[in-house]
Structure formats: structure tokens, C-alpha cells
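Trainee: Sequence:
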Amino acid sequence: MELVVDLPAHDAAAELDRGLTLLREVAQGTRPATLRLYRPSSTVAFGQRDARLPGYDRAREASLAHGFQPLIRRAGGRAAAYHSGCIVVDHVEPARDGVAGTRRRFAAFGDFFAGVLTGIGADAGVGEVPGEYCAGEFSVHGRRDRVPTLKLVGTAQRVVAGAWLFSSVLVVERSASLRSVLTEVYAALDIPWRPATAGAVEDLVPGVGVDDVEAALLAAYRTAVQLRTSESSGVP
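Note that UniProt numbering gives residue 186 to position 186 of the sequence shown, counting from 1, and the numbers run on in steps of one.
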């Protein structure tokens, strides 16, 4: 599996498109299975359903006012926010029938990321936190006193003929700014949620940073697959 660690592009749309380009290349057989990591620009990624709501224009304006670029993504559910205190993991593999394994991948990747976070000291598990943003059955959460409290990882998939892309956002640092922008975005969209559920790994493991989580991720991957490192690159 090829490892790609992209340098900051400061262009949220290009960052998202890069993942879809990798998906097409793997599907066409011009690229091997690929693991891509990057630290994203400040972005609010809206779901396609969000864009049809009456409050969408106000939600876009709220995103911009907080310094987050609003985008409509092709995969995933409701609005999610992320920034350079997060890690995006795009895992792309060829497959004859990518649709057949969709639910299995959600479960397997959820367990994988929960294991990585547990390894660095967080009490992490898989499952929706009541009231979380962009709610998902296989969200990875952090627990306080054994109670699921904070959403830490959101996941989404895209499948095309010949390949699948599993994309995950791990929130590591600076959850306060994410809560702030999401509070205004969800109010504009008139979608109820509980802002206290938007957390970061450092909220449970003080002092942990993006470098620590990235190192733990790569170490966990290397126990499962052989990674061939390519040169880091900016998003074309």
C-alpha cells in the first residue's frame, strides 16, 4: 500500500478533490491501494441534504464568518467541521464489488481508530453519542466515566466501479473553535444537536497533539499492511 502524506494546501476544495482523484486512479488500475494523510484547512463540509435546507445560505455565511470554508461533499451525512488540529485519513483500495462490504468497513475502521486512540490513553469506543453532529452509527467516541461523551472521529465512504474510498476525520486539538462554528451552522440549518458532544482527543488526553496521533496511526497501520512511502506533496 502506498503512503501519501500531503503537505498543507490551504485550499479545502482541492483537498477534498484530491481524495476523489486517488479513488479514480485506484479504480482505473493506474495507482495501487493508497493511504493518504493530511491536516486539513479550516472547512465546514456540508451534506447534500444540508444544501437543500432553507437555512443553508445563512449556514454558509456563518462558516465564513468563523474562518471556515464551506463546501458540499459527495459522501457523508450532515455538516461537519474540521481544521489543522485534525487528521484526515483517506484509505483507498481496489474492489470488484465495493458496495458489498460497506457496513463491514464501517465497523472495522471504527474498531481500528478506537484502538489507536485507546493506545494513546483515551477511553474510546464505537457508536453514536446522543446529540452528536453529523450523527453516525459507527462514530468513534471518547468516554468519561465509561459514558460515551465526545465524538472524536467521523467516517464516510464513497464507492465507484472498481474501488472504494473510506475517509475519516480524527479531531485531535482545538475542539472549542469547532463547537463555535457548528453551533451557528446547525442553528441556521435548524438541526438540533448538543454542542458538548463535539470534542477532541486532547480533551481526554491532555498534552496529546496531532503529531502523536499521526505517529500512532502509522504504527498501527504498519502492523497490518506494508506501507511504501511516497514523497509528501501539496495538493495539485
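The hints are simulated quantities; they were obtained by calculation from the structure and are not laboratory data.
Note that the structure is a prediction, hence the values are computed from the model and not measured.
Note that the Cβ used here is the ideal one computed from N, Cα and C, for glycine as well.
Some clues are possibly wrong.
Simulated restraints, written as ranges between beta carbons of each label pair [to be verified]:
hint : residue 1 : residue 2 : range
1    : R49       : A176      : 22 to 30 angstroms
2    : P8        : P94       : 23 to 31 angstroms
3    : A215      : G162      : 29 to 37 angstroms
4    : S180      : R144      : 32 to 40 angstroms
5    : D111      : L227      : 32 to 40 angstroms
6    : D57       : P32       : 37 to 45 angstroms
Trainee: Give a verdict on every hint.
Mentor: Okay, the hints, checked on the actual structure:
| no. | hint | verdict |
| --- | --- | --- |
| 1 | R49 - A176: 22 to 30 angstroms | 27 angstroms, holds |
| 2 | P8 - P94: 23 to 31 angstroms | 28 angstroms, holds |
| 3 | A215 - G162: 29 to 37 angstroms | 32 angstroms, holds |
| 4 | S180 - R144: 32 to 40 angstroms | 21 angstroms, violated |
| 5 | D111 - L227: 32 to 40 angstroms | 20 angstroms, violated |
| 6 | D57 - P32: 37 to 45 angstroms | 42 angstroms, holds |
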